[in-house]
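Chain residues, written in single-letter form:
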Amino acid sequence: MATAAPPQPTTRPTYADVTRDVFATLGNPTKTWYILFGFVLSVLAVGVIALLYQVRMGLGVAGYTPPVMWGAYIATFVFWVGIAHSGTLISAILYLFRSAWRTSVYRTAEAMTVFAVLTAGLFPLIHVGRIWYAYWLFPYPNQRMLWVNFKSPLVFDVFAVSTYLTVSTLFLIVGLIPDIAAIREKATGWRKKLYTITALGWRGTDQQWRHYTRAYLYMAALATPLVLSVHSVVSWDFAVSIVPGWHATIFAPYFVAGAIYSGVAMVITLIVPLRKAFKMERYIRVEHFENLSKLLLLTGMIVAYAYVIEYFIAWYSGNPFERASFWNRAFGDYWWATWTMITCNMFLPFFLFFQKIRRSIPALFVLSLFVNLGMWFERFVIIVVSLSFEYEPYAMGHYTPSWVEFAILAGSFAWFFMWFLLFAKNFPTVSITEVKEIIPLPRKKDAHA
Amino acid sequence: MSGHPGGVLGAFRQIDAATDAVRELKEMGYEDFTVYSPVPNHEIELAVGHKVSPVRMWTLLGGLAGVTTGFWMSLWMSYDWPLVVGGKPIGSVIPYVVIAFELTVLFGAIATLAGVVFHSWRTAKPAAFDGRFTDDMIGIFVPCRPDRRNAVKSLMESSGAAEVRLEA
Chain A
1 MATAAPPQPT TRPTYADVTR DVFATLGNPT KTWYILFGFV LSVLAVGVIA
51 LLYQVRMGLG VAGYTPPVMW GAYIATFVFW VGIAHSGTLI SAILYLFRSA
101 WRTSVYRTAE AMTVFAVLTA GLFPLIHVGR IWYAYWLFPY PNQRMLWVNF
151 KSPLVFDVFA VSTYLTVSTL FLIVGLIPDI AAIREKATGW RKKLYTITAL
201 GWRGTDQQWR HYTRAYLYMA ALATPLVLSV HSVVSWDFAV SIVPGWHATI
251 FAPYFVAGAI YSGVAMVITL IVPLRKAFKM ERYIRVEHFE NLSKLLLLTG
301 MIVAYAYVIE YFIAWYSGNP FERASFWNRA FGDYWWATWT MITCNMFLPF
351 FLFFQKIRRS IPALFVLSLF VNLGMWFERF VIIVVSLSFE YEPYAMGHYT
401 PSWVEFAILA GSFAWFFMWF LLFAKNFPTV SITEVKEIIP LPRKKDAHA
Chain B
1 MSGHPGGVLG AFRQIDAATD AVRELKEMGY EDFTVYSPVP NHEIELAVGH
51 KVSPVRMWTL LGGLAGVTTG FWMSLWMSYD WPLVVGGKPI GSVIPYVVIA
101 FELTVLFGAI ATLAGVVFHS WRTAKPAAFD GRFTDDMIGI FVPCRPDRRN
151 AVKSLMESSG AAEVRLEA
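Sequence lines, in order, name chains A and B. Anchor point for the first sequence: position 316 equals 316 in this note's numbering, and the numbering is continuous, going up by one each time. Anchor point for the second sequence: position 43 equals 43 in this note's numbering, and the numbering is continuous, going up by one each time.
I should point out that these hints are in silico values taken from the structure, not numbers from a laboratory. Owing to the predicted nature of the structure, the values given are computational and were not obtained by experimental measurement. Worth double-checking, as some hints may not be accurate.
Subject to a maximum C-alpha distance of 27 Å in a straight line, what follows is the list of computed DSSO-like cross-link-like pairs (lysine-lysine) [said to hold, decoys possible]:
no. : chain 1 : residue 1 : chain 2 : residue 2
1   : A       : 425       : A       : 186
2   : A       : 192       : B       : 125
3   : B       : 153       : A       : 444
4   : A       : 193       : B       : 125
5   : B       : 88        : A       : 444
6   : A       : 445       : B       : 26
7   : A       : 445       : B       : 153
If you want the ones that stay clear, here's a sample from chain A, every Cβ over 10 Å from chain B, calculated [what the hints assert, rightly or not]:
no. : residue
8   : 19
9   : 25
10  : 45
11  : 249
12  : 356
Here are the simulated distance ranges between beta carbons [unchecked claim]:
no. : chain 1 : residue 1 : chain 2 : residue 2 : range
13  : B       : 87        : A       : 331       : 47 to 57 Å
14  : B       : 3         : A       : 17        : 24 to 34 Å
15  : A       : 12        : B       : 28        : 28 to 38 Å
16  : A       : 281       : B       : 86        : 35 to 45 Å
17  : B       : 43        : A       : 356       : 14 to 24 Å
18  : A       : 298       : B       : 3         : 52 to 62 Å
19  : A       : 440       : B       : 86        : 52 to 62 Å
20  : A       : 132       : B       : 87        : 48 to 58 Å
21  : B       : 60        : A       : 98        : 22 to 32 Å
Cβ atoms here follow ideal geometry from the backbone N, Cα and C, with glycine treated the same way.
Based on the sequences and whatever the hints tell you, model everything.
Given below as structure tokens:
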């Protein structure tokens with residue numbers, strides 16, 4: 001399982017260094033952490049108040065205007081599901097490829113996945129309005145004697161997203177167990193108790209590793225097709241209907257690439273401050289950022305290709321509705337949203353062709369923020385702009401998100417960062433075990449030398 | 001630490017020292033020793049010589065249970081209250097593949113985790129432990145009778161153990 005690490009013998013940490021350095025990131029938070037956490041909680045409070053207001057007053061307080069009955073909530077749902085994807089790419093797919101560089105960044109990415117799906121999962125519930133009936137989404141024996149419609153991608157989505165949340169949470173927990181056991185031995189006070197319980201009796205025996213490594217391999221093998229299926233299913237929510245701008249066979253791969261693209265950007269957004277705050281420069285090196293930015297470049301180019309092909313097919317199909325829809329995207333009411341998306345997602349990643357940019361952490365951080373912004377707008381453009389401009393001119397409309405929707409959108413970021421901040425101070429954000437794995441164990445001849 | 005049988009606990013820094021000790025212990029006829037390591041390691045795996053973990057059967061059975069449940073649930077529910085949607089057959093197998101696939105992954109993952117928990121519990125042996133084995137040391141605990149402890153101790157020392165102690 002271990003692959004050779006880049007040769008840097010003088011700076012290579014020992015096993016004890018890894019445990020010590022990662023353990024040092026945990027424990028009592030600093031003042032900055034409390035200030036950040038306080039800020040995040042206040043933004044979350046605004047979001048919760050807006051949600052309660054919507055629950056009290058009804059969906060009318062959202063900006064839905066016929067024919068646009070899917071708005072910012074669904075765009076934000078797709079955005080957060082997308083963010084989740086790169087976590088599984090890094091933790092499962094790159095694991096199967098035995099990619100050594102993933103070890104330092106995968107835990108952060110995997111935690112990000114879980115919290116992003118946790119955030120995404122809220123939006124279908126917020127969007128349906130009557131949250132207390134959300135269980136209607138699941139098939140259960142009921143007095144109406146009705147079952148859900150299994151032919152609908154919306155039902156596929158219920159299964160895909162709940163499976164994704166469960167499996168990625170299990171995957172995160174399984175990966176954490178040996179790490180928690182390592183910090184259990186160093187912790188004191190209530191944390192010692194917490195880690196003793198959550199380590200589930202892990203001691204790293206030959207039998208435990210025997211079962212664990214197999215299980216981890218199979219979970220990675222299960223998570224890999226799962227991650228591809230989840231955003232494909234999300235894309236079918238749109239592609240299966242006959243709305244111009246949605247009805248395209250390219251949607252599944254286009255969405256998956258876009259999801260990984262936005263997710264890698266979010267990983268960079270998270271890791272840059274994390275590395276600085278936790279003094280992890282020894283483990284998360286510039287090479288890691290360069291590799292992440294190559295992933296960003298690759299998926300960015302796929303997304304750029306998909307944008308071009310969408311326009312090409314709209315023209316080449318000869319379908320007047322499709323042509324009108326895409327003309328409206330670029331030059332209609334929402335031209336600003338479309339051009340924001342195209343600039344952030346299609347033009348800016350070209351800078352990544354320069355190695356100087358790929359190795360500059362501040363540049364990557366700024367770029368990742370633009371990609372995050374662009375990817376939210378991509379979903380907004382696909383969903384809102386297509387719906388606002390369908391077939392009949394008399395049924396066209398204009399939608400602007402209301403303050404409630406903006407407050408809930410901001411609250412969703414706060415909810416995500418709240419979980420991440422709590423996680424980062426209590427559990428290792430850099431995998432102790434996997435970072436150790438790429439460092440060779442000492443041999444007798446080293447001792448003699 | 002109590003609750004484990006008496007024996008010898010060796011702590012190793014070097015991987016080849018630990019694997020040499022494991023091989024020699026096996027030659028001496030010891031089978032029920034426990035090897036601790038902070039990371040999974042192929043050399044230890046080879047020296048100890050376990051068979052492939054049966055966890056894979058759990059994954060397979062979980063996955064099969066998932067795919068069966070997915071198809072059974074969607075088909076049975078469709079026919080239980082037949083409703084034509086979009087002119088499609090009542091039981092449309094192709095869209096149901098998605099449901100079946102998701103449940104394959106879900107059941108497979110849960111069964112895999114259950115398998116690890118079950119087999120780790122089944123194969124757990126009471127043994128002495130030291131916190132450093134999850135940090136940077138490899139440990140070997142050999143349960144044995146008091147009269148054989150010195151032989152095991154000298155075996156571990158000659159293989160290159162950093163520290164060996166007798167556990168009552």
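Going through the hints against the structure:
1. 425/A <-> 186/A: The hint holds at about 15 Å.
2. 192/A <-> 125/B: holds, 24 Å
3. 153/B <-> 444/A: holds, 19 Å
4. 193/A <-> 125/B: holds, 23 Å
5. 88/B <-> 444/A: violated, 70 Å
6. 445/A <-> 26/B: holds, 24 Å
7. 445/A <-> 153/B: Holds, because 22 Å separates the two Cα atoms, which is no more than 27 Å.
8. 19: Incorrect as stated: the minimum Cβ-Cβ distance to chain B is 5 Å, not above 10 Å.
9. 25: Per Cβ check, residue 25/A is outside 10 Å of chain B; nearest 16 Å; holds.
10. 45: Non-interface label stands for residue 45/A: nearest chain B Cβ at 34 Å, farther than 10 Å.
11. 249: Given that every Cβ of chain B is farther than 10 Å from that of residue 249/A, nearest at about 15 Å, it holds.
12. 356: About 36 Å separates residue 356/A from the closest Cβ of chain B, which puts it past 10 Å; holds.
13. 87/B <-> 331/A: 47 to 57 Å: For residue 87/B and residue 331/A the Cβ distance comes to about 37 Å; the hint is violated.
14. 3/B <-> 17/A: 24 to 34 Å: Since residue 3/B and residue 17/A have Cβ atoms about 33 Å apart, the given range 24 to 34 Å holds.
15. 12/A <-> 28/B: 28 to 38 Å: Once the Cβ atoms are compared, 36 Å apart, the range 28 to 38 Å for residue 28/B and residue 12/A holds.
16. 281/A <-> 86/B: 35 to 45 Å: Roughly 57 Å apart at Cβ, these two residues miss the hinted range, so it is violated.
17. 43/B <-> 356/A: 14 to 24 Å: violated, 42 Å
18. 298/A <-> 3/B: 52 to 62 Å: Holds: the Cβ-Cβ distance is about 53 Å, inside 52 to 62 Å.
19. 440/A <-> 86/B: 52 to 62 Å: holds, 59 Å
20. 132/A <-> 87/B: 48 to 58 Å: Violated, at about 34 Å.
21. 60/B <-> 98/A: 22 to 32 Å: holds, 23 Å
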